[in-house]
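Engineer: Just need the whole structure built from these sequences, with the hints factored in.
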Amino acid sequence: AFVYFALLSEDSRKYHHARLAKVLESRSDERDFQQALEASHHSLRAGMPETAVVQVIKGAEMAISMGGPGEAERALKEVLRYPNLDSRPMILILLSRSLVAQGQYDPALKVVTRLKTLNLDSLQSAEVSILRAESLHRGSLADSPTIAGAARDAARAAEGPGKHVLLARALQIRAEVAANETDLNTLEEIAARTRSIVLFTEDEEARSLSSMTHGFCQMVQGKYRGATRNLRRAEGTMRRLSRHVDLRMVLNGLGICRTNTGQFLKAESHFLEAASLAHRLGDAFSESLAWDNLAVLYDDLGWFNRAAQAYRRALRLCLRSPTPRRVAHILSNAASLATSLGDFREAEDLLARAEEQARKHDGAAALVEVLVTRADLNLACVQYEVAWQLVEEVLTLTAGKPPLDGTTGHFQRLKLHFLWATKGIDAIDLTTPRTEPGGLGNRLARQLEVQAFLELMQDTDRETKAGYSAVRDIVERHLFGILARLVTLRIPTSNSFTQLGEESGADVVARLFPDRRRSTMPTFVVGESLLADCGGGC
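The sequence shown maps to residues 16 to 553 in our numbering.
Simulated from the structure, these hints should not be mistaken for lab results. For clarity, every value in this text was computed on a predicted model and none was experimentally measured. C-beta atoms are modelled at their ideal positions from N, C-alpha and C, and glycine is treated no differently. Incorrect hints may have been included.
Now the in silico label distances, taken between C-beta atoms and shown as ranges [said to hold, decoys possible]: (1) L527 to K125: 53 to 59 Å; (2) R171 to R129: 21 to 27 Å; (3) Y97 to K281: 48 to 54 Å.
Structural biologist: Below, the structure written as structure tokens:
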């Protein structure tokens, strides 16, 4: 530092920076983004901003997809300090992409707004449309019609330039929005389009992205084995190309598929790797998503302490970049666990805050999830009339359609319980579908829960010997969290499961099925201090 600042003239400094930039650029290859980004820094210090632009674009594109979006963001902002650059639109596009890769959707959308004032070619316009749709959707930054319109616009814009990678990215966003709208026709169309891209493109990255989106469409429809094949195909290419941002999404999808084919330990491994990748990317939002999925898995397996720890971790991460819908979702899941643990006061506190957040989100999905979880709490507290009022409210909110965003199976069991309580077992027989709805809204654990409920109600009312095949299946799969939930809701799973004294459903399961992962019960799920952070800041 002494030599640099005290002994070298400005011209000498620029000369050495220029030489160092040249050496770094010559050493960088298509997998070494650090060298390219460092070269851009030294080119700037050498007074060569146009050279720095070429280097930073090369380095930032690699960094964003290979796990260094934060480094890309810093380098791009440094170049943007120089005015009148011809490549400013491309630099801003990459800046927005780096922010999206870190889950910073609101700042990314502000960059997109700046881009809309510039002269863009068709390729850049398509990129901007995709970034806008991705930011609005994943950040829940607009109402549902606006997000759906942005996703459609992005898909149309991406068709124009004829670049398959862009089209594949646009179709992924379109598929996620269609899944939220339970738009199965659009999902079928996207599945066919991505299948076509896989067959005809020579671009490896486009093939892997298209396989991922095809697998996502199958996963939403409940075609888990086909989805697993497509996601595994995408996983192999993404690992080889070091496309870590996309790999995180694939791993999360594989975790969901494994969960719904009963491969719970593999699912846990996928979710943990997805969380680790998101952490390295600096994407707190996606890391929160992975931990929430882990918490639900642990809850279903009856690993209550692990589930509580995972919910706390998911919520802390979510609050670093909060959206009302995601906060409400995690709080509702945590309240369900608190109910099984017999902590009805904490469950009520969690649901009160979840409802506050859900009502900030323009859409029924978040509120429906809160209401069905609250109905379960009322059943556990023997407040049947209040529970049935909530069921009727959900029926009104959803206009008779299946609830959105993961609550299909949950609400199906509640609706059947409501029919049984108000009209008897014959009403259940008339309305029970021949096939269980699949997909994200009705995971394997929920399907078994519904089937167990039906068998138990039929056995109770008709004094039959149903044999409890679903309960046996639940036990054989070690899904003891479901048993805890049924006991908590005072559904008689058998004489052995009748609650005794002050025991909670979780206590009953831990006593009858001892396991080291159930030997310690959590004293709380979220806790008052963390719940307090879910106030006005969200």
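Engineer: It remains to establish, for every hint, whether it holds in the given structure.
Structural biologist: Comparing the hints with the structure gives:
1. L527 to K125: 53 to 59 Å: holds, 55 Å
2. R171 to R129: 21 to 27 Å: 22 Å Cβ-Cβ, so the 21 to 27 Å window holds.
3. Y97 to K281: 48 to 54 Å: 49 Å Cβ-Cβ, so the 48 to 54 Å window holds.
Of the numbered hints listed earlier, not one is contradicted by the structure.
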